[in-house]
Amino acid sequence: MKAIILAGGVGTRLWPMSRQKKPKQFFEIVNDVPLIKETYNRLLRLLPSEKIFFSISPSFDNLLHEILPEISNDHILIEPEKRDTGPAMGYVAALMELYDSDEPIVFIPSDHNIKDEEMFLRTLEVGDMLVRKTGKLLDIAVTPTFPSTVLGYTRIGELYDTINDVKVYRFAGHTEKPPYEVAKQYLEKGSYLWHANYYMWTPRKFMEAFETYAPEIGKVLREIQHTTLRQAQGIDVFFRSLPKISFDYSVTEKMDPQEVLIMKGNFGWSDIGAWDTLCDHLSDKGQNVTKGKCLMIDTKGSLVYAPENKLVAVLGMEDVIIVDTGDALLVCPKSRAQEVKKIVEKLLESGDDKLI
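Under the numbering used here, think of the first position of the sequence shown as 1, with each following residue one higher.
Don't read these hints as lab results, they were simulated from the structure.
Treat the hints with caution; some may be incorrect.
What the hints assert, rightly or not - Computed spacing ranges between beta-carbons, pair by pair: (1) Lys285 / Arg222: 51 to 57 Å; (2) Ser191 / Lys285: 26 to 32 Å; (3) Pro257 / Ala313: 49 to 55 Å.
As the list claims (entries may be wrong) - Derived pair list, reagent style PhoX-like, types lysine-lysine, alpha-carbon separation capped at 25 Å: (4) Lys167 / Lys189; (5) Lys244 / Lys310; (6) Lys22 / Lys346; (7) Lys264 / Lys133; (8) Lys21 / Lys2; (9) Lys310 / Lys300; (10) Lys37 / Lys21; (11) Lys21 / Lys244; (12) Lys21 / Lys342; (13) Lys334 / Lys300; (14) Lys136 / Lys2; (15) Lys21 / Lys254; (16) Lys136 / Lys37; (17) Lys219 / Lys21; (18) Lys167 / Lys133; (19) Lys133 / Lys115; (20) Lys264 / Lys136; (21) Lys310 / Lys334; (22) Lys177 / Lys244; (23) Lys51 / Lys115; (24) Lys291 / Lys310; (25) Lys285 / Lys334; (26) Lys136 / Lys167; (27) Lys115 / Lys254; (28) Lys264 / Lys2; (29) Lys136 / Lys51; (30) Lys334 / Lys115; (31) Lys167 / Lys2; (32) Lys115 / Lys300; (33) Lys354 / Lys21; (34) Lys254 / Lys264; (35) Lys219 / Lys82; (36) Lys82 / Lys115.
Every residue, glycine too, gets a C-beta built ideally from N, C-alpha and C.
Go ahead and model the full structure; you've got the sequences and the hints to work with.
The following block contains the structure:
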């Protein structure tokens, strides 16, 4: 099995820390090392370094080398530009198919926090085995804890098997980013899990899926393959013609459920997608989450990130988010942290791109 760490996203809901020039995966948001290095170190417990690759945007190449200088250039797959996870995963599958079409690959997001690493790695091992055994697409989903409108939902069917304490279910459908009322219903039903974005299959199967369910993407990916084999120029032009669309929208929602299996990920997962989810993931029973030089008095359930050279004092507050990066300060109720990307949109509209 090969692992491809996806590190091309920006993470606008974690502004002002996450920026276009240096997004969240390159920061020490949870522990004392950047998220992307945590992800890499975690995988090294399961796979040799030659089996681990990175998929990044061109502007992140230097950042990756600064944090992980030991990674060789032939293990860094640079997307010509950002086109969402559909083209990104398709590009990787197209390149991987040229060299080993039937060895399973797993796409690993670079910005997730995992509490139980042993269980996480065991789940990947089960997925690798099942891809080889069944030829089906394997995906990991986790139990939702609140009605999220920014995550995809996977509906599970009957139990397929339990392997090494990993429960595997038949796939019954996928819904990407539902409205709040629908997400609330999903939470109550119990048969809907959060889609965690860990897809496992072979390069050949990924390519066949694009050609079947997203033929406009599949055709371009074949052109990229032919251009690569000829060592010719033009890959950038082909890639830029791809639509900006996620793999979930372009393929997963259209697939025959019989071709997919879902593993339930019971390993303490958080996508670190927004300040409220980060706070809830790191806090214990309403305790505060702080980083930097903070003074908290009569304050609970809050997250405060401060610069090392500046004191941020908070008095008499509850469930607030305060993030000070020196050049920008965010203050908002925790209940509205999912709306932080509206600030980024406003800054874009005003043309003030220095802060995004």
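Exercise for the section: Decide if the proposed pair is consistent with the structure: Lys37 and Lys21, CA atoms, cutoff 25 Å inclusive. Expected result: Holds, because 18 Å separates the two Cα atoms, which is no more than 25 Å.
Practice task
For the pair supplied as a hint, Lys334 and Lys300, confirm whether the alpha-carbon distance does not exceed 25 Å.
Solution key: Holds, at roughly 11 Å.
Exercise for the section: Given the hint that Lys167 pairs with Lys2, test it: the Cα-Cα distance must not exceed 25 Å. Expected result: Distance of about 22 Å is within 25 Å: holds.
Practice task
Please work out if Lys21 and Lys2 have their alpha carbons no farther apart than 25 Å.
Solution key: 28 Å, violated
Practice task
Verify the proposed pairing of Lys334 with Lys115, using a straight-line Cα cut of 25 Å.
Solution key: Holds. Lys334 to Lys115 sits at ~23 Å (cutoff 25 Å).
Practice task
Could you grab the alpha-carbon distance between Lys310 and Lys334 and see if it respects the 25 Å cut-off?
Solution key: 22 Å, holds
Exercise for the section: Mind checking the alpha carbons of Lys177 and Lys244 for me, to see if they're no more than 25 Å apart? Expected result: Given pair Lys177, Lys244 holds - Cα atoms ~16 Å apart, limit 25 Å.
Problem - 25 Å limit on alpha-carbon distance, applied to hinted pair Lys254 and Lys264 - result: Roughly 21 Å separates the two Cα atoms, so the pair holds.
Practice task
Decide if the proposed pair is consistent with the structure: Lys285 and Lys334, CA atoms, cutoff 25 Å inclusive.
Solution key: 15 Å, holds
Exercise for the section: Take a quick look at whether Lys21 and Lys244 sit within 25 Å of each other, Cα to Cα. Expected result: At roughly 20 Å apart (the allowed maximum being 25 Å), Lys244 and Lys21 satisfy the hint.
Exercise for the section: Below or equal to 25 Å on CA atoms is what counts here, so check Lys310 against Lys300. Expected result: Within the cut-off at roughly 21 Å; holds.
Exercise for the section: Below or equal to 25 Å on CA atoms is what counts here, so check Lys136 against Lys51. Expected result: Holds, at about 21 Å.
Going through the hint list in order, the structure does not satisfy hints 5, 8, 15, 16, 17, 19, 27 and 36.
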